[in-house]
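S.K.: Protein sequences appear in the order of chains A and B. To convert, note that position 98 of the first sequence is 98 in the numbering used here; the numbers rise steadily by one, no gaps. If you want the numbering used here, it's the position in the second sequence, counting the first as 1, plus 1000.
Among these hints, one or two may not hold up.
[Unchecked claim] So the derived label-pair ranges between C-beta atoms look like this: (1) A:GLY62 <-> B:HIS1102: 45 to 55 Å; (2) A:SER14 <-> B:SER1065: 43 to 53 Å; (3) A:LYS68 <-> B:PRO1070: 37 to 47 Å; (4) B:GLY1016 <-> A:SER70: 46 to 56 Å; (5) A:LEU18 <-> B:GLU1075: 41 to 51 Å; (6) A:SER12 <-> B:PHE1069: 24 to 34 Å; (7) A:SER70 <-> B:GLY1003: 34 to 44 Å; (8) B:GLU1053 <-> A:ALA17: 43 to 53 Å.
Worth flagging that the hints you see were computed from the coordinates, not collected in a lab. Ideal placement from N, C-alpha and C gives every residue a C-beta, glycine not left out.
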Amino acid sequence: AQSVTQLGSHVSVSEGALVLLRCNYSSSVPPYLFWYVQYPNQGLQLLLKYTSAATLVKGINGFEAEFKKSETSFHLTKPSAHMSDAAEYFCAVSDEDGGYSTLTFGKGTMLLVSP
Amino acid sequence: DSGVTQTPKHLITATGQRVTLRCSPRSGDLSVYWYQQSLDQGLQFLIQYYNGEERAKGNILERFSAQQFPDLHSELNLSSLELGDSALYFCASSATFSTGGHGYTFGSGTRLTVV
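This is chain B alone, in the form it adopts within the complex:
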């Protein structure tokens, strides 16, 4: 157990729908990162939050949004879902807003299937 908790583990939904993925960071970590993993694109950085504020944005679509709450858990919202959004979505956490040479701790991911 890495200490980073992601729910749900699996999600199957239809095109056009909206889903919310949840992440609880490791105890004491203030930064949360979201990554999308697909066969064709590999691991793509989506967005980072640090202590409730957005710190960095990657290849995140406008249909996607995220937030980090006062208790530091984070949610990734995916709307108007398309078949191509099917992927594994990872959350990772770190103690500070930079890697500081420590890297991230990853959760076990949420597998999203859009049908």
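Pulled out of the complex, with its shape left as it was, chain A reads as follows:
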């Protein structure tokens, strides 16, 4: 069974600082991995996805994530935080099992950005 662990329910950074949100996955087959962002009172929006084409994946709003198979990790980073990045971030894993698959989400990490 697939699972996702996000380390830290809350992460606080200053504006302009590096953002690092951690995600570790467990999957019995090579996975697809995703990061979603949820702004207050909104649905989840896809930030980026890993589909085995490249281990470093670039997404929207300056975010990127690196797939490391040896560490079973898919951490999300952004070089310089902006106030508008304050939101909740979810890592998700999908494995193709029997031709169908669903997304399993981590519990989320709330990113707080201070001026």
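The hints should help you fit chain B onto chain A, whose structure is shown.
M.R.: Frame of chain A; chain B shown alone:
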């Protein structure tokens, strides 16, 4: 606008009652997924329909049921409601029955409050 439409946005009802949540998938998407988001459980997968047929079941209670109609919209029925059913209910859609590395497109959710 993600293209996935959920109605109503907010719903307040009493314990023991029954409610119906509605979802229209993005144009061209055949799969509909329902998720429940609560503070203690995070995002929990409930059920998936593909082109009118149930494809996958997650942590869905027996009091809950869903269906997908010929026009591909879906309804989630929640009955004998309890206080603990208060949550945000998301619908998501995808083109096929698997994520295929594409992920889902989420609606903005229905916030259910049971009093």
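S.K.: With reference to the structure, classify each hint as holding or not holding.
M.R.: Evaluated hints:
Under the hint 45 to 55 Å, the C-beta atoms of GLY62 of chain A and HIS1102 of chain B, about 22 Å apart, miss the expected range. In this structure the supplied range 43 to 53 Å holds for SER14 of chain A paired with SER1065 of chain B, their Cβ-Cβ distance being about 48 Å. Take LYS68 of chain A and PRO1070 of chain B: their Cβ atoms lie about 45 Å apart, and the range 37 to 47 Å holds. The hinted window of 46 to 56 Å between GLY1016 of chain B and SER70 of chain A holds, with their beta carbons roughly 52 Å apart.
A C-beta distance of roughly 44 Å is found between LEU18 of chain A and GLU1075 of chain B, which places it inside the suggested range of 41 to 51 Å. Taking 24 to 34 Å as the suggested C-beta distance range, the pair SER12 of chain A and PHE1069 of chain B does not conform, at roughly 45 Å. In this structure the hint that SER70 of chain A and GLY1003 of chain B lie 34 to 44 Å apart at CB holds, the actual value being about 38 Å. The supplied range of 43 to 53 Å is met by GLU1053 of chain B and ALA17 of chain A, whose beta-carbon atoms lie about 48 Å from each other.
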